[in-house]
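Student: The hints should help you fit chain B onto chain A, whose structure is shown.
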Amino acid sequence: MKEIRIHGRGGQGSVVTAELLAIAAFKDGKYSQAFPYLGGGGERRGAPVQAFCRIDEKPILLKCQVTEPNYLIVQDPGLIGLVDIFKGLKPNSLVLINSKESPESIGLTQTSFQIYSFPATSIALQVFNKPLMNTAMIGAFAVLCGDLNIEALKKAIEQKFPGETGIKNIEAMEKAVNMAYDQFGVIPK
Amino acid sequence: MSVNQGSIKCREIMQGSIAVAETVGALEPGVIGVYPITPQTHIVEHLARLVANGNINSKYINADSEFSAASILYGASAAGVRSYSASSSQGLLLMTEVIFNMAGTRLPAVFSAVNRSLSPPINIQVDHQDTMTLRDSGLIQLYVENIQEAVDTHIQIFRIAEDLDVLLPAMVCMDGWIISHAYEPVTLWQEEAIRDFTGVFFPPYEVNPQKPLTYGALTDDDKITEFKYMVDAALGRAEEKIIQVAGDFKKAFGSYHGDVVETYYTEGAETIILAMGSIAGTIKVAIDQLRAENKKVGLLKIRSFRPFPASRIREVLSGAKTAVVIDRSFSASSGGILGSEVKAALYQQNGPFIINYIAGIGGRELYPHNIKEIITESEKLSAAGTVPDKALFYNLNSALI
Numbered sequence: 000m001k002e003i004r005i006h007g008r009g010g011q012g013s014v015v016t017a018e019l020l021a022i023a024a025f026k027d028g029k030y031s032q033a034f035p036y037l038g039g040g041g042e043r044r045g046a047p048v049q050a051f052c053r054i055d056e057k058p059i060l061l062k063c064q065v066t067e068p069n070y071l072i073v074q075d076p077g078l079i080g081l082v083d084i085f086k087g088l089k090p091n092s093l094v095l096i097n098s099k100e101s102p103e104s105i106g107l108t109q110t111s112f113q114i115y116s117f118p119a120t121s122i123a124l125q126v127f128n129k130p131l132m133n134t135a136m137i138g139a140f141a142v143l144c145g146d147l148n149i150e151a152l153k154k155a156i157e158q159k160f161p162g163e164t165g166i167k168n169i170e171a172m173e174k175a176v177n178m179a180y181d182q183f184g185v186i187p188k
Numbered sequence: 000m001s002v003n004q005g006s007i008k009c010r011e012i013m014q015g016s017i018a019v020a021e022t023v024g025a026l027e028p029g030v031i032g033v034y035p036i037t038p039q040t041h042i043v044e045h046l047a048r049l050v051a052n053g054n055i056n057s058k059y060i061n062a063d064s065e066f067s068a069a070s071i072l073y074g075a076s077a078a079g080v081r082s083y084s085a086s087s088s089q090g091l092l093l094m095t096e097v098i099f100n101m102a103g104t105r106l107p108a109v110f111s112a113v114n115r116s117l118s119p120p121i122n123i124q125v126d127h128q129d130t131m132t133l134r135d136s137g138l139i140q141l142y143v144e145n146i147q148e149a150v151d152t153h154i155q156i157f158r159i160a161e162d163l164d165v166l167l168p169a170m171v172c173m174d175g176w177i178i179s180h181a182y183e184p185v186t187l188w189q190e191e192a193i194r195d196f197t198g199v200f201f202p203p204y205e206v207n208p209q210k211p212l213t214y215g216a217l218t219d220d221d222k223i224t225e226f227k228y229m230v231d232a233a234l235g236r237a238e239e240k241i242i243q244v245a246g247d248f249k250k251a252f253g254s255y256h257g258d259v260v261e262t263y264y265t266e267g268a269e270t271i272i273l274a275m276g277s278i279a280g281t282i283k284v285a286i287d288q289l290r291a292e293n294k295k296v297g298l299l300k301i302r303s304f305r306p307f308p309a310s311r312i313r314e315v316l317s318g319a320k321t322a323v324v325i326d327r328s329f330s331a332s333s334g335g336i337l338g339s340e341v342k343a344a345l346y347q348q349n350g351p352f353i354i355n356y357i358a359g360i361g362g363r364e365l366y367p368h369n370i371k372e373i374i375t376e377s378e379k380l381s382a383a384g385t386v387p388d389k390a391l392f393y394n395l396n397s398a399l400i
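Protein sequences, first through last, are from chains A and B.
Taking numbering that gives the first Met the number 0, the leading residue of the first sequence gets 0, the next gets one more, and so forth.
Taking numbering that gives the first Met the number 0, the leading residue of the second sequence gets 0, the next gets one more, and so forth.
Here chain B stands alone, though its shape is the one from the complex:
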């Protein structure tokens, strides 16, 4: 793919958090509300530097907790201001109450979530339990594989969230350490090109003493279902916008990572792995090795978990014999969260056997050989028709249980 040279600010090697902060800074959110937590800290530290040095004009507010940081965004967004924050792990849980409110009030604040395991036991490494736990709120969630995708998706997501057909809070989910603290070559885009692409946020309503409106009014059983339905419908409309914005981004910048999903050798594949986030890169390496042995395997990377691209998943999996879903989170007693939703999407479809693995929890690494082992095991279960209903915890150390 040829990158649009005119839009390039620089091609550099830099830390993921700095690349993201530079990109968000270019969009100059009116309000940045923050409370530090590992491993998200470098993003807000760098934004603080940009504000303190006078590079950007944002109002930067240090809050006394993540709950306050999110509440600051709620107020700013309600006043019609583009607003932004970043958090991880327990910090995201503390923001949850506000995020449900934002979705219900249709406020398009944008968050970077740097994925980290939830306590206890305390662990600062990556899995997806923190962000997946926000799934029912009405929040848009896009998961990214590498630093370039993190940069590009941050630009895309402001436009998606602030679209008047959508108006929902939105979150870019990027894996802790392996994206946030890694150095990789990355292209940063010119501020003007970024701003042209996202446009200016014009909210349809805003808190304004001259034109008083009631926000968050009591709503009884006569209307509340309709309000909730409208959140659901708006999130549904976001799917089309994500596809459209990814296409427009490709035209404007020449960079593309898929739309709601990215497919990698799925055409004609007998076995397809589904996964989200950085492990998609490691899975691609495993698939390259297996393809060299003429194994028909592919990857369906889910970029958009919310909205959930059920019909695209059905379409891509329709010809496969085996689908392997790797979850870095789970809903206790129910199974992997992505796995459960993929199963629901394929219900009564006469599609592939679906095997769900829970793996990569709290930073437990997955290497290409693990991926190949998961594929081999899944193909065996599928061929024997002995696919378990329940998700399988991969590589459990039974001596510790």
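The following block holds chain A by itself, in its conformation from the complex:
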């Protein structure tokens, strides 16, 4: 089972990221679940939030938060140090940080995880002229995971954001996918 935890701030689309990953997995024939943690005043814009997504081949009965993820997405590098983002993270897990800087230069020198950084906000600024970076993060995450269906992700974005918003978000995701293939040296399937 993939257990994904997403860290961000209220308004950065962390909850939507979890939902899009779950919708895409469902469209790809899998079972999935997504939900937010809004304790600690997480309904407010700017407050630290967490969202969770589980993806499995069989129905998911668990109804508790993801405390021992094997995938981590950090939408806001400013949370590093404020929130224990690595808490419970399983060894060798994949970590994706939204940052122009390398993981080492922002102080993430842990060798027990596979840590990658990706400039999702830069892509969002190009596409939207606003820092709406969550769909760019999803694109990079899909490339790193290797087994997320990118066509299903596009369908999920179309469903969640019909019309122009969806088209723009798909553009952001595709830009991110192409850039991530280059940056991470992954060979497209």
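Hints may be right or wrong, so weigh each one.
To be verified - So the derived label-pair ranges between C-beta atoms look like this:
(1) A:Lys57 - B:Lys210: 56 to 62 Å
(2) A:Ile166 - B:Leu395: 26 to 32 Å
(3) B:Glu269 - A:Lys89: 32 to 38 Å
(4) B:Lys294 - A:Gly39: 35 to 41 Å
(5) A:Gly162 - B:Ala232: 42 to 48 Å
(6) B:Ala331 - A:Glu103: 31 to 37 Å
No wet-lab data here; the hints were simulated from the structure.
Every residue, glycine too, gets a C-beta built ideally from N, C-alpha and C.
Tutor: Frame of chain A; chain B shown alone:
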């Protein structure tokens, strides 16, 4: 179980609140009276969208408080109209006065309760204190584990509440966030199949200027016990209806989540956990892990808290050594509410030791390892014969007290 393909509208992944609102919308309540409160808001927002877009023909009334929203339902229901609302937490408390009135006046309005902790301290996360506090009103209460069960139970509950042998207000209790805001795969049913199943509400009496009747008249000591007795008896009759409707639903739609209870590996189990709502899913995972180690444990999920299925609980627990009741609410100084009622149901029965834990308050999470710890601790207490009379608060942080 094979789902009846002919009744499927769609198989989709969607948010629990939207799935519930789509289902309630298919039943087109004549009146929807609302006042928003977190985490129930997405349900009434989506119903507002359905009404505004002309998808359904309901009269949608924004009230100035939950008390008014419930009062609007009271009036509509008294006029013979199918009526619906949703609320959470303090909002449900503000509806309480009206809900007692509805039960006493035998008005079958239907509510979705999206469970949330009560203030203070303010907290928007899930426990069951809000709905459990309504337990003495005469209200039917069914608790659900996941989005599919929430959808199916909403269809069932209209038919149960509006049954002429019952005629009581009714509430589907669904955990905040983990059901209301979660995305899960769910089957939505065709509108026509839903309407065929629930039928049309024909009240035996209705407020009608052509045929004046008195509602809510003063009743003195010569008759009031009998009125109260009739509420009690009607709620008792609802138990049989819940069983019957769950069976009919299974035949019509091919979907089943238990009737008044759901049992999970209780046959021959030495230890049985009792719980309500979404944690039943997490408990099932813990039980699967323990069963793989040949531990004889099972789950008795209580779907119907009101009516309270005492005889079914006695029956299921009769062979067990240890019963562990997990409560997400409590009656101050008395213990867990479900725990106290399970103890009462088993009084003088020579049944299992009963250990009552108060856990999962205000969103404090319970993971499979917590469930296993609770089971291990309970089995120890039971084997030593040192079961405490009082409920135990699980994982209290004594440094904060």
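Student: Okay, Gly162 of chain A versus Ala232 of chain B on CB: inside 42 to 48 Å?
Tutor: Roughly 56 Å apart at Cβ, these two residues miss the hinted range, so it is violated.
Student: Assuming the hint says 35 to 41 Å, is it satisfied by the Cβ distance from Lys294 of chain B to Gly39 of chain A or not?
Tutor: At roughly 36 Å between Cβ atoms, Gly39 of chain A and Lys294 of chain B fall inside 35 to 41 Å, so the hint holds.
Student: Per the hint of 56 to 62 Å, is the separation of the Cβ atoms of Lys57 of chain A and Lys210 of chain B within bounds?
Tutor: holds, 58 Å
Student: Given a hinted range of 32 to 38 Å, is it respected by the beta-carbon distance of Glu269 of chain B and Lys89 of chain A?
Tutor: holds, 33 Å
Student: Is the gap between the beta carbons of Ala331 of chain B and Glu103 of chain A within 31 to 37 Å?
Tutor: Because 54 Å falls outside the window, the suggested range is violated.
Student: With respect to the beta-carbon atoms only, verify the hint that Ile166 of chain A and Leu395 of chain B lie 26 to 32 Å apart.
Tutor: With a Cβ separation near 52 Å, Ile166 of chain A and Leu395 of chain B fall outside 26 to 32 Å, so the hint is violated.
Hints 2, 5 and 6 from the list above are not met by this structure, while the remaining hints are.
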